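Asks: Read off the chains here:
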Amino acid sequence: MPQQRFPKVEILSIAPHHFSFVLSETDTSMANALRRIMIAEVPTLAVDLVEYAENSSVLNDEYIAHRLGLIPIRYTPEGSMKGGDCHQAFLPHRECVCYDRCPRCSVEFELDVNFDKANPGRPDQEKDLPLTVTSKDLISNNLLVAPAHFLNEEEQDESHDEGISIVKLGPGQHLKLKAIARMGISKEHAKWCPVAVATYRFWPIITINEEACSMLTLEQKQELVEACPDRILELDEITGNLQAVENAFEMATFTEDLKVAQDAMKKRPEDDDFVSVVHSSDRFVFSVESTGAMDAEDILLSALRVLKDRLNYLAAEVEKLKE
Amino acid sequence: MSVNEVKIKRAETAFELRGTGPDSSRTFVLGDEDHTLGNALRHVLINDARVDFAGYCVPHPSEPVVHVRVQTAQPANNSGDEAMAGGGEGLTAVEALKEACATLSGQCDLVLAKLEEAAPEVKEDRERMERLAEEDRMNEDEEEE
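One line per chain: the protein sequences are R and S, in this order.
Note that the first sequence ends on residue 1177 in the working numbering; no numbers are left out.
Note that the second sequence ends on residue 208 in the working numbering; no numbers are left out.
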């Protein structure tokens, strides 16, 4: 075996829609591969086909179909409460043996909203206002699958609607359709993307040259502290020395201002820096934010599984070659 | 299938081997792949001491094809014994790629293990899902009988 490195994972924060962790003892190529797979190749469900019975709303058919496709759809495995990986429960529809569609490869949603029928049930002050058709009106034929209406409680409290708004209906308008959701990956269309953001930063290594710093006056040190927009440095109260703030790694993004300020303070240009911030080449701070279709850590697990499957497939192809 | 179905375009070849001559140098043509796998494999191959040269390229961004080139170190006294290449001292390019795949797969397993260590609920969830899947399978078998 070539020299193996043993990657380490440290979780910084974990919530259903956001997951932040530190991946270390590995290379940028592995980190980048994970990031690319999380964005492009994790399978999710999204509306792919829409059959209209009636559409007298102000938006045309394909506009509404486009909006329906972008609604995140959540699959909750039995016995669990979280949005999970759907690749085991469904088949990609191109591989399914059924003729057109079946419960094994697709999920059907029905939507039937008629302004004139729904209006009598609304509170009086709203009766003149348009009726908003939301993702709550999509009724699924599979109990484990439903649209993700909100990301979290906060969003639900702030929103005026019951779910993701699709179209607004006025008097005499009627929308009736059947939407079929299928499994796919983001490479085919961005509607299947499970993440809003999947990104990584390099861990900053902040080294403070004590010797050089001792030659600075207190005002100069204060100037350095204020030079960085991220406030990664602070002055120690007792000794007056420069030191890095405790959670500097979270905040350090832009360090050019610091460099410019230091160059101005140096007696000669080729002197050592007082404070140097470099990127670590093997520690990465990942931040994954989900759209609501899957829980954030499940996206990472799914990405690892997809990477492994690809590698196994490649290894199998190579084996076949040898024979 | 409805007339409106979209067919996804696949690459022409899923996997191809190019290169004649000694076993130590080969170009692997991977279809339906991109920088995701190419860069990761290249990095793992480079870190192998027995590999002299490893590189990857995407010939054209519009086509989902990756070329991975591997050249392994051949010991000096192997010139007359080309028929024995791979059996004795030298590593064949094909074996180098296989080992790289296995190493990368191992790293994925390690990351998964570390993640489960850091978040025990992930592990419990996975085990619970596996148990439920097992029960389903057993129930199906019973029904068949």
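Incorrect hints may appear among the rest.
[Said to hold, decoys possible] DSS-like mimics (lysine-lysine), calculated; alpha carbons at most 30 angstroms apart, straight line:
no., chain 1, residue 1, chain 2, residue 2
1, R, 1041, S, 70
2, R, 862, S, 161
3, R, 1032, R, 990
4, S, 177, R, 936
5, R, 971, R, 1041
6, R, 936, S, 161
7, S, 186, R, 862
8, R, 1041, S, 72
9, S, 72, R, 936
10, S, 70, R, 1032
11, S, 177, S, 72
12, R, 981, R, 936
[Stated by the list, open to error] Listed below are several chain R residues computed to face chain S (Cβ distance under 10 angstroms; list not exhaustive):
no., residue
13, 902
14, 906
15, 907
16, 931
Since the hints were made in silico from the structure, they are not lab data.
These numbers were taken from a predicted model, which means no experiment stands behind them.
For glycine and all other residues, C-beta sits at the position ideal for the given N, C-alpha and C.
Asks: Are the hints correct? Go through all of them and say.
Replies: Do the hints match the structure? See the list:
no.: 1; hint: R/1041 with S/70; verdict: holds (13 angstroms)
no.: 2; hint: R/862 with S/161; verdict: holds (24 angstroms)
no.: 3; hint: R/1032 with R/990; verdict: holds (14 angstroms)
no.: 4; hint: S/177 with R/936; verdict: holds (21 angstroms)
no.: 5; hint: R/971 with R/1041; verdict: violated (41 angstroms)
no.: 6; hint: R/936 with S/161; verdict: violated (37 angstroms)
no.: 7; hint: S/186 with R/862; verdict: holds (16 angstroms)
no.: 8; hint: R/1041 with S/72; verdict: holds (11 angstroms)
no.: 9; hint: S/72 with R/936; verdict: violated (34 angstroms)
no.: 10; hint: S/70 with R/1032; verdict: holds (22 angstroms)
no.: 11; hint: S/177 with S/72; verdict: violated (37 angstroms)
no.: 12; hint: R/981 with R/936; verdict: violated (37 angstroms)
no.: 13; hint: 902; verdict: holds (9 angstroms)
no.: 14; hint: 906; verdict: violated (13 angstroms)
no.: 15; hint: 907; verdict: violated (17 angstroms)
no.: 16; hint: 931; verdict: holds (6 angstroms)
Going down the numbered hints, you'll see the structure goes against 5, 6, 9, 11, 12, 14 and 15, while the others check out.
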